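Asks: Here is what each chain is made of, one letter per residue.
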Amino acid sequence: MTPETHVTSLTDLGVAEIRDGFRRGDFSAREVAQAFNDAVEKARGLNAFIVTTPEHALVAAETADSDRAAGLVRPLSGVPLGIKDLFATEGFQTTAASGILEGFIPAYESTVSGKLFAAGAGMLGKLNMDQFAMGSSNETSAFGNVISPWRRRDGSNAALTPGGSSGGSAAAVAARIAPGVTGTDTGGSIRQPAAFVGITGIKPTYGRCSRWGIVAFASSLDQAGPMARDVRDCAILLEAMSGFDPKDSTSLQLDVPKWEDNLSSDIRGKRIGIPKEYRIDGVPEEIGRVWQQGIDWLRDAGAEIVDVSLPHTRYALPTYYIIAPAEASSNLARYDGVKYGKRVNPDHGGLAEMYEATRAAGFGAEVKRRIMIGTYVLSAGFYDAYFNQAQKVRALIAGDFERVWAECDLLLTPTAPSAAFALGDKMNDPIAMYLNDVFAVPASLAGLPAISVPAGLDEQGLPLGLQLIGRALEEQTVLNAGLALEERAGFNARPEAWW
Amino acid sequence: MSVDTATVRHIARLARIAVTDAEVEALVPELNNILGWIEQLQEVDVAGIEPMTAVIPNSLRLRDDIVTDGDKREAVLRNAPVAEHGFFAVPKVIE
Amino acid sequence: MADASTYRIHGATGEWEVVIGLEVHAQITSKAKLFSGAATEFGAEPNSQVSLVDAAMPGMLPVPNRECIRQAVRTGMALEAKINAWSRFDRKNYFYADLPQGYQISQLYHPIVGEGEIEILTDDKDESSAKRIGVERIHIEQDAGKLMHDQHPSFSYVDLNRSGVALMEIVSKPDMRSPEEAGAYVRKLRSILRYVGSCDGNMEEGSMRADVNVSVRRPGQPLGTRTETKNVNSVRFIMAAIEYEASRQVDILEGGGTIVQETRLFDPDKGETRSLRSKEDAHDYRYFPDPDLLPLELDQAFLDECRASLPELPDAKRRRFETELGLPPYNAAVLTAEVETARWFEALLAGLRNPELARQASNWVISDLFGGLNRIGRSIEDSPVTPAQGAQLLGLVADGTLSGTLAKQVFEIMLETGEDPAAIVEARGLRQTSDTGA
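Protein chains in written order, with the numbering used here: chain A, 1 to 499; chain G, 500 to 594; chain V, 595 to 1032.
Check the hints yourself; a few may be wrong.
Claimed, not checked - The calculated DSS-like cross-link candidates involving lysine-lysine, where the alpha carbons are at most 27 Å apart (straight line), are:
1) K625/V - K782/V
2) K625/V - K247/A
3) K591/G - K686/V
4) K342/A - K740/V
5) K824/V - K864/V
6) K767/V - K676/V
7) K725/V - K782/V
8) K782/V - K676/V
9) K591/G - K571/G
10) K591/G - K911/V
11) K719/V - K676/V
12) K591/G - K782/V
13) K247/A - K591/G
14) K824/V - K782/V
15) K591/G - K276/A
16) K676/V - K686/V
17) K342/A - K824/V
18) K342/A - K571/G
19) K591/G - K740/V
20) K824/V - K911/V
21) K719/V - K571/G
22) K911/V - K725/V
23) K676/V - K725/V
24) K676/V - K740/V
25) K686/V - K719/V
26) K625/V - K571/G
27) K824/V - K247/A
28) K719/V - K864/V
29) K686/V - K824/V
30) K864/V - K740/V
31) K911/V - K782/V
32) K864/V - K247/A
33) K725/V - K824/V
Don't read these hints as lab results, they were simulated from the structure.
None of these values were measured; they are calculated from a predicted model.
Chain A with its partners taken away, still in its complex shape (with noise of 0.2 Å):
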């Protein structure tokens, strides 16, 4: 084996390889830093950073190194991660890929961040994003957009998404420039992107990863998970990144359980939802295919498989294009050009004009599209008619859930309505855009943990992904029922690299 194919190598290993590779002694951290370090800088081309990291990736390798050789080895010892640029991290730009917070440099660690690097994990750099996470494609960023790795079969080389708003992270994963990637999902925005390029991505309930020190966009929904190439991996980094923050009254007060050890793909017994409102028109064929091919290897795995209804699920999209820009119209008042970020100062103007000057300079078109919506259905007279009753109808979308239990354990669904598409082709129509999160936002809205695994390739040769569902604080059997699904599927497509 020459040094470069062992290089190329060491990327081509996922988080649970690594991490027992180098317990092995097979690699040194610094080797795999150094691997990805590369691999970072050559893929440019997929913009899937917004500043890199090496040497943040060097030190925790060299930290690794030096404790393996004193015996001691931490959960993520040699294993360098993507950190979403919506994450504070001390020292290195945060922007969360808006130009409002250009050279913002945080003097703070969020506490998701801050415990993947206590677990021994290094940084790669700070991954690219939808601006403000609003997107699902990530053409909303300051920074420009991703191109996912994977082109269609047709030989027209279209960029296509990579999906939104965690498009960065999806694309360093299936590029196999990181192992592992933080990602965070407010109404989709680390399902949707795994299911475009293939890999897997896991939200977990609402408030088991500390939201301290991640730049808000609707604290209700917001909730950070990671985004890896396997169901393991995914098991891994959630469990570093989890439990309890006494910073955030929203943290939920729980140990951590050890998915990892508890991963087992025999989920015999169990019942499995298939919701009929999920079927809806207009979806392309092949997200039906792949989605009964999803029940027929869960079946296969011997599970039961009932057919249930969620009525509410149509108002699921119109419920959180209400709470969500409402969230974000208040979170996003504090980017006022005084404290930290952009200022612009137009002339002869006092506060109030540098307020505007700031705020329409430095947010991006969709970003002041949702403060415009939000800030409306808050104001004077709009509130009743519309937050109060987008709470309400989110009271129902929950209760349907919640009955749904009664008749299984974990509902199957496709994560997305389609297949990536190419860059360009939804700007010009916010709602269509939307519509990519219709099977993602209820279990958002619910605050309920679930699972993106990739399924299968669409005739362009695209990926496919199915979506598991569970109960609250169930984040083991949506796991688990993800391997089963993982080991069935046998998906081992990557792209083609191109960059």
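The hints should help you fit chains G and V onto chain A, whose structure is shown.
Replies: Below, chains G and V without anything else, positioned relative to chain A:
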């Protein structure tokens, strides 16, 4: 419900986002399109339903009254576009 | 002075009644801020008592301080108000340089304390002047930072030390009818807060300030349009603002004009109010429940502790002083108005061997002690004479050691030197002459 140019300007003002005339013209149909779409929520019967307060059952924890933070002016001001003499500085406000 | 309950403005066209409601913002006594661990101490270096939460750094989250909640509940209990075991925090959204989050965390829809009341005496000497002023609600909210406009020609400076300090907003019903009633209400509220220990009541340091709602009407007619004069920070200014504002409104109405519902500012130098914000800037605060915080649910044990820890309050103490100690109503009122006075007096009582002396002691405190402290410019908290020494002095008078005249001489020396009266008597031979043969 739908918005006109005056409403869009009012909303932009509330949100402190400067908008040009052209942007206002473009935003009116865009926002109306979205508002028309979310309008379908009005048809849901919510009689007797309480608005959701906590997505996962959880209670608000209270912390002890102990000084654990502060005394970090440098970290607080470090990223400020303009800071002078230990203060943030903003365009002069006339009250 | 006119009887407060029939206070009227005599306009050119007849009499007008003034209707007053007060929103008092009282800083909750706590070591740390409402939602962060930064200190609340007054007078620190700018931006030195600021956490990353107070500065609204991206991703920072609020965690409530138990003591602030407890003090608000105890205050509500002291006002015999309804305590809401289930309440919520809402965000009040607006942009200003002293508000780093772009919203204030407050309570609109579900405040922690509901209706209660405060009894005021418009005349200290007369219990029949008692009047009950309704309290609409008490809610908890964050204070804003501070802006300084005079430090730089083109900048205002922002200090966030106060940003996030806990406030109680105590909202009265529009039950007051004269500046005197409003003054009595604020003094009484301040007294209760200081008894409870939930606010130090220090108006000079901004620990208490009031938004003053004033309207006028013909007696018996429906409520008129009100104005709100913001942030008035002394009892005297509150009364002056009401007087000015009521006359201004009467002048406008009698001139055929209408009152604009608006926010105004009181200028203490001129004794006037002026319009603060133009109408086009009318605020739309877009209140909604803070999604970073869950509903605040108080359990019975918490509520029980709050109630058990309440001290005897001024009204109860005043009545007890009258009934058990036989004090004249005026003495009882004066000695219970301030918690420090009441504490000093009760310590004095504890030192008296003969409880029959209580009435005499009350007279001595009000005339001699208050007079003496006033002359030397000290408050009762830093009185050079201790309650034990006061008791000793009264004992020397009671047992005939000192005449009234000699007692006054001894007291003067006590004020000056802080010495015990017995020692003064001994050293200077100040016994009554009738005792010299002993």
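Asks: Would you list, in rising numerical order, the hints stated earlier that this structure does not obey?
Replies: 10, 11, 12, 13, 15, 17, 20, 21, 24, 25, 27, 28 and 32
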